[in-house]
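A.B. asks: As a plain string of letters, each chain reads:
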Amino acid sequence: MTAPGPPIGMLAELTHRCPLQCPYCSNPAKLLKANAELKTADWVRVFNEAADLGILQVHLSGGEPTLRGDLEEVVSALSSRGVYSNLITAGVNMKPERITALKNAGLDHVQLSVQGATPEITEKIGNMKGAHENKLATARAVRAAKLPLTLNAPIHRHNIHQVEDFIELALDLDADRLEIANVQYYGWALINRTQLMPAWDDVMQQVDIVEEARERLRGVLLIDFVTPDYYAEFPKPCMGGWAQDAFMITPDGSAMPCHAAHTIPHLTFDNVKDKSLADIWDSSPAFDAYRGTDWMQEPCRSCERRDADFGGCRCQALAIAGDAAATDPACSLSPLHDTMLKIAGQTQSAGEMVDDFTFRRIGVQQADRIAD
Amino acid sequence: MAAAKRHRTMITNESRPDLPAFVRLQFEPVRGAWALLSPEKVMWPDDVSHDILKRCNGKMTVAEIISSLAVEYDAPEAIIGDDVCGFLQTWADRRLVIA
Ligand code: SF4
Ligand code: SF4
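The listed protein sequences derive, respectively, from chains Z and E.
In terms of this note's numbering, the first sequence opens at residue 1 and continues consecutively.
In terms of this note's numbering, the second sequence opens at residue 1 and continues consecutively.
Careful, some of the hints might be misleading.
Unchecked claim - Mimicking EDC-like on lysine to aspartate or glutamate, the simulated pairs with C-alpha atoms at most 20 Å apart in a straight line are:
| id | chain 1 | residue 1 | chain 2 | residue 2 |
| --- | --- | --- | --- | --- |
| 1 | Z | K273 | Z | E123 |
| 2 | E | K41 | Z | D338 |
| 3 | Z | K103 | E | D93 |
| 4 | E | K5 | Z | E215 |
| 5 | Z | K236 | E | D18 |
| 6 | Z | K275 | Z | D294 |
| 7 | Z | K146 | E | D18 |
| 8 | Z | K236 | Z | D338 |
| 9 | Z | K146 | E | E40 |
| 10 | E | K5 | Z | E164 |
| 11 | E | K5 | Z | E49 |
| 12 | Z | K275 | Z | D70 |
| 13 | Z | K39 | Z | E49 |
| 14 | E | K41 | Z | D42 |
Keep in mind the hints are simulated off the structure, nothing from the lab.
Note that the structure is predicted; figures quoted are calculated from it, not measured.
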């Protein structure tokens, strides 16, 4: 299966380092240290190759991308080629001057993560004192610099009761968009699934709150809603389909179709230090593995939704069904859908008993895969 | 401290629509197509959408945009007027057009 056309977007994880320790972080369990990171010149070259390839949007992420002192340089490499740049930050370590410098370098948009709507929850989830106040200051500095602002709130059992407060917070901070994003269970979130899984009733109530707010705030605040997989009827098209129009690069230069692709044991990834982005996009074996629909099994193979959701998430299929080419068990047509619901129910009630997270830290977990 | 309260932008014939600074209409040479870049999303406007969007320059009123499109498409203003207003309202509601 060859590339369907040029890619549109790319996620660049500039570093795994981060001052926060969110227990659902999408970074791999085995985190890379600073000395493994690509150099400034590597990223500048990669971003030029990206523009040549037709990529129009790059998300600068981490870890915490602002821990890289060369972020301004990297942003200007993008803006000089007309590529739209989006900074994904936790916003706990930034001075207003840095935001102005990034704006001057050509940054287009800031996405700020919010762990809680109150200091108490933010500190509990990120495991950092004072994080909430720092985030609010960053949000205000972003708006003062006239940059557009999205708040991203990852939702789980410890903050699902704060959805209304997140909406108020977004209005208060003059954000343009709010993402209410239910946690997806891979990476650290899979390790902490028991502690994070929300209850069915809370999920349903959340849907009502979001729908009401969208109607009431039409034209005032855009609310994007990432529904929880474990309680879904149909899966999401992960990354818009495997290697269909976007991909990601890890801090040390591996090109992967999605965040969790490294959990699929038989895949090997090309590195931007060895190959051009064009080569990787066209012929990386990991990109080809689940591209398009040829690899599908039943029920996906003959399903009319297969070009819309591409059978869902490969990594979730592997984690729950033990086969990365299976139908995502989030799908109600999957034979394992009931198992997934059962896992949700069981972990959710087990979660009543445990309150301690495995915080995301370098060296805590050495295994990329955990047993269910 | 609450920020200045935002309101929904209502598009009328007198509005002067514009693209906000963080939305870019840009020709993409690899595909040979016009792209609209916005936070989180890239869109590919069709010819008609492109003809409307490129007139959103903060100077022309909606009425002027409609009459200039009527000339270009050789179509009665009454017929395209509602479509143009509806289009701009939808885009304003997604905060991709300001007025
Ligand atoms: S999810 Fe939390 S720990 Fe992970 S990179 Fe984002 S802010 Fe840091
Ligand atoms: S069976 Fe496969 S293609 Fe059909 S809806 Fe479910 S995941 Fe999507």
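A.B. asks: Going straight from one Cα to the other, do Z/K146 and E/D18 come out at no more than 20 Å?
C.D. replies: Holds. Z/K146 to E/D18 sits at ~16 Å (cutoff 20 Å).
A.B. asks: Check whether the Cα positions of Z/K103 and E/D93 lie no farther apart than 20 Å.
C.D. replies: 26 Å, violated
A.B. asks: Between E/K5 and Z/E215, is the straight-line Cα distance small enough, at 20 Å or below?
C.D. replies: OK: E/K5 and Z/E215 at ~17 Å, within 20 Å.
A.B. asks: Given the hinted pair E/K41 and Z/D338, is their alpha-carbon gap at most 20 Å?
C.D. replies: Roughly 34 Å separates the two Cα atoms, so the pair is violated.
A.B. asks: Is the straight-line distance between the alpha-carbon of Z/K273 and that of Z/E123 20 Å or less?
C.D. replies: 38 Å, violated
A.B. asks: Does the structure keep Z/K236 and Z/D338 at a Cα separation of 20 Å or less?
C.D. replies: 18 Å, holds
A.B. asks: Given the hint that Z/K236 pairs with E/D18, test it: the Cα-Cα distance must not exceed 20 Å.
C.D. replies: 33 Å, violated
A.B. asks: Would the hint linking Z/K275 and Z/D70 be met if the CA-CA limit is 20 Å?
C.D. replies: 23 Å, violated
A.B. asks: Please verify whether Z/K275 and Z/D294 have alpha carbons no more than 20 Å apart.
C.D. replies: 26 Å, violated
A.B. asks: Hint check: Z/K146 vs E/E40, CA-CA at most 20 Å. Holds or violated?
C.D. replies: Roughly 17 Å separates the two Cα atoms, so the pair holds.
A.B. asks: Holds or violated: are the alpha carbons of E/K5 and Z/E164 at most 20 Å from each other?
C.D. replies: Holds - the C-alpha atoms of Z/E164 and E/K5 are around 18 Å apart, at most 20 Å.
A.B. asks: Does Z/D42 sit within 20 Å of E/K41, going by the straight-line distance between their CA atoms?
C.D. replies: 26 Å, violated
In summary, the numbered hints that this structure violates are 1, 2, 3, 5, 6, 11, 12, 14.
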